[in-house]
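Since the structure of chain L is already known, use the hints to place chain P on it.
Residue numbers (my numbering), protein chains in the order written: chain L, 1 to 420; chain P, 1001 to 1316.
Rather than coming from a laboratory, the hints here were simulated on the basis of the structure.
Be a bit skeptical, because a hint or two may be false.
As the list claims (entries may be wrong) - Here are some, though not all, of the chain L residues that point toward chain P, as calculated from beta-carbon distances under 8 Å:
1) Lys10
2) Thr85
3) Leu255
4) Asp358
5) Lys366
Stated by the list, open to error - What follows is a list of derived Cβ distance ranges for each label pair:
6) L/Gly401 - P/Gly1017: 40 to 48 Å
7) L/Pro19 - P/Ile1297: 22 to 30 Å
8) L/Gly334 - P/Gln1008: 51 to 59 Å
9) L/Ala31 - P/Gln1115: 38 to 46 Å
10) L/Gly256 - P/Ile1216: 27 to 35 Å
11) L/Ala390 - P/Asp1018: 39 to 47 Å
12) L/Trp9 - P/Asp1205: 35 to 43 Å
13) L/Asp358 - P/Asp1018: 54 to 62 Å
14) P/Thr1137 - L/Val411: 32 to 40 Å
For each residue, glycine too, the CB sits at the ideal point set by N, CA and C.
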Amino acid sequence: MRKILNIAWKDLISAFREPGVVIMMLVTPFALTLVMGFAFGAFGGGNAGPAGIPMTIVNHDAGEFGQRLVRMLEADGLADLLVVTVLSDDAAARAAVDADQSAAAVIVPADFSEAVVPAGLSQGDTSGLQGAQPVTIELYANPTRPVSAGVVRTVAERFIDVASAQRSAGLVVVGQIVGNRLADPQAMAQQGAAIGHRVGDQVASTSLVRVVGESDAAGQSNFDWLGYMAPSMAILFLMFTVSAGGRTILLERDLGTLPRMLTTPTGAAQVLGGKVLGTYLTGLAQMIILFVASTLLLGVHWGAPAPVAALLLSLVAAGTGWGMLIAAYSKTTGQANAVGTALSLTFGALAGNFVVRDLLPDVLKKASLITPNAWGLDGFKALAAGGTLADVALPIAALWGMAAITFALAVVAFRRQAAQ
Amino acid sequence: MSAIVQVQQLAKRYMPGDVLAVKGVSFEIQEGEIFSLLGPNGAGKTTTISMLSGLLAPTGGEAAIGGRSILREPLAVKSIIGVVPQEIALYDALSARENLLFWGRMHGMSGKPLQARVDEVLEQIGLRDRAGDRIRTYSGGMKRRVNIGVGLLHRPRLVFMDEPTVGIDPQSRRNILDMVKELNRQGMTVLYTTHYMEEAQELSDRVGIMDHGELIALGTQRELTQMVGEHEALRLHLNEGDSADKVAEAVATVPGVLQASATDHQVVATVAEADEMLAAVITRASEAGARIRTVDIEEPNLETVFLHLTGRALRD
Chain L
1 MRKILNIAWK
11 DLISAFREPG
21 VVIMMLVTPF
31 ALTLVMGFAF
41 GAFGGGNAGP
51 AGIPMTIVNH
61 DAGEFGQRLV
71 RMLEADGLAD
81 LLVVTVLSDD
91 AAARAAVDAD
101 QSAAAVIVPA
111 DFSEAVVPAG
121 LSQGDTSGLQ
131 GAQPVTIELY
141 ANPTRPVSAG
151 VVRTVAERFI
161 DVASAQRSAG
171 LVVVGQIVGN
181 RLADPQAMAQ
191 QGAAIGHRVG
201 DQVASTSLVR
211 VVGESDAAGQ
221 SNFDWLGYMA
231 PSMAILFLMF
241 TVSAGGRTIL
251 LERDLGTLPR
261 MLTTPTGAAQ
271 VLGGKVLGTY
281 LTGLAQMIIL
291 FVASTLLLGV
301 HWGAPAPVAA
311 LLLSLVAAGT
321 GWGMLIAAYS
331 KTTGQANAVG
341 TALSLTFGAL
351 AGNFVVRDLL
361 PDVLKKASLI
371 TPNAWGLDGF
381 KALAAGGTLA
391 DVALPIAALW
401 GMAAITFALA
411 VVAFRRQAAQ
Chain P
1001 MSAIVQVQQL
1011 AKRYMPGDVL
1021 AVKGVSFEIQ
1031 EGEIFSLLGP
1041 NGAGKTTTIS
1051 MLSGLLAPTG
1061 GEAAIGGRSI
1071 LREPLAVKSI
1081 IGVVPQEIAL
1091 YDALSARENL
1101 LFWGRMHGMS
1111 GKPLQARVDE
1121 VLEQIGLRDR
1131 AGDRIRTYSG
1141 GMKRRVNIGV
1151 GLLHRPRLVF
1161 MDEPTVGIDP
1171 QSRRNILDMV
1181 KELNRQGMTV
1191 LYTTHYMEEA
1201 QELSDRVGIM
1211 DHGELIALGT
1221 QRELTQMVGE
1231 HEALRLHLNE
1241 GDSADKVAEA
1251 VATVPGVLQA
1261 SATDHQVVAT
1271 VAEADEMLAA
1281 VITRASEAGA
1291 RIRTVDIEEP
1301 NLETVFLHLT
1311 GRALRD
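Pulled out of the complex, with its shape left as it was, chain L reads as follows (with noise of 0.2 Å):
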């Protein structure tokens, strides 16, 4: 056991002695971290998510809806999340869009109004009601800008959702009066405009904030990236460790170092014992680094200590596994690298490293399964919403079971090398 510790000791100290395996190892990992963390607002102050979208929106209608719209998009409440440019030509506020000077265009239509509460009714004659036309508003959306543009088409949307509510219940109620003559029709056209005031009303008086919070985009708006991208990251970086870990293998049979340790009285189980034990300390060592690193200085969540330190041990363990498996398949380093660095790559797009986990499509969440970031992230994810260990018993278990697997099979690899 002495010489296992003492190969693993000394894979230690030479890994991180290393300054382009520092930067690789720390560095990179807690900078992603960081930019994610800006890029998507973690810094701007509580609520982390979108800000300052930048739209325009063109009004054709002279009727109260248009008016409201305008008056509700540009309403305090918005004035952090949008910031409206109202333009009065159509082209105009397209070519905004394409130049990238906005991220959506809103477009009422002239008729928008009249589609809501139409006029032309005549005393017992609602025809007029039967041919009202949808509702419909042009939106215009930045395919550069899919996030900012979501936000902007699901306000129009929650108004147009509201407004076509109001819309319905206007027109049985004037159907109703007008049909049974109850009214003359021209009063109605007043009362028309006065039910288009209040249904107007009801609208801008709608909370659109919170009813955004309810919708997809503003899941994202609540989402803590910092608490995501942190272990997401660690995770990314942990790949590219363990499998440098297992390339020193390679690395130190064309040095001689590795045929030198096999003419002193060690076994070559031992020497093998030692290099997964060094791979796996690193990789120890770098994930406990980034978490203290991240807990402390960017104020990340990752979870109790207890069933987090569970997850991470295993975590590193499958990763190992993982290196040890490319190294005993691999014939020269060069051909290690490559494949570890394709691997764990692949494995980060597979498994949502570079994204939200929870946005991949379903096949893709199962395919990642095969990969140690997946449970991972998995893991981390339940930890840092306050989960228990028994809530990441299933991750860990199937860490366990996959470094017990890689590590078997690179086994097998590695004595058929021996024997040759």
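Coordinates of chain P only, in the frame set by chain L:
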């Protein structure tokens, strides 16, 4: 003296279908001697050492070190031997002291005895002042010395040194040769491989000459040179650009020249009486286009033995 190494018909074939890299060599090394395996690159010297140190499994034959079989008791054998590999096998990110401590622990040493022994070895290799510096800051010669120090750390009875002077400056080479002699004076048995005739000649009690995986001669230097008889060698140093091969072919046709070979702008001719043959050899070489810079007359040595046995110069 008793034999610390006994090798019988040791053979190695790397892959099925390949030619044998070592073709059933047999020899003994007596305790306390310096035994050199001399031969050109690819002769099978390193493969032989690798089998004796347990790195390669022999295809055939057997060997015992200190009475322990390399096949049945490899770990026991490894505790007797120290190995200085041809390539520098150290950790660049660690200091000399840290390297020595690491390798000492790999030999089962620990605690104060290990610390004390590391200090001794650092003194011995002349690097105590720079013991804390990382290996990557060392010159090639200094790395070589640490590489040797690692092999001596656990006071092995037998040390294998595989071409320890390759690629270093003359002063470092001198230091290493002196160190080998000093270690031997202290009682350490040395198996030394080299393709430098001068090193084998300076260090060795006995020499085994290897070529193409075979041990083609074995004995003391006197015994080996007697194989050549009373013959002497004429070494012609040519100008760069001269075709040594063409000149050697021409010189070989001179009556009285027993053998002639070319290497590195030099032509070596084996003759019975160098004084008598000198003029004829120079004349024929000049006719063949040689521009001779200097001529040496050499007593029989290991190189002439190799030339005599193989028809080739040692560094071909």
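Right, here's what the structure says about each hint:
no.	hint	verdict
1	Lys10	5 Å, holds
2	Thr85	59 Å, violated
3	Leu255	6 Å, holds
4	Asp358	42 Å, violated
5	Lys366	42 Å, violated
6	L/Gly401 - P/Gly1017: 40 to 48 Å	42 Å, holds
7	L/Pro19 - P/Ile1297: 22 to 30 Å	58 Å, violated
8	L/Gly334 - P/Gln1008: 51 to 59 Å	41 Å, violated
9	L/Ala31 - P/Gln1115: 38 to 46 Å	41 Å, holds
10	L/Gly256 - P/Ile1216: 27 to 35 Å	28 Å, holds
11	L/Ala390 - P/Asp1018: 39 to 47 Å	59 Å, violated
12	L/Trp9 - P/Asp1205: 35 to 43 Å	41 Å, holds
13	L/Asp358 - P/Asp1018: 54 to 62 Å	57 Å, holds
14	P/Thr1137 - L/Val411: 32 to 40 Å	37 Å, holds
Consistency with the previously given hints fails for numbers 2, 4, 5, 7, 8, 11, ordered from lowest to highest.
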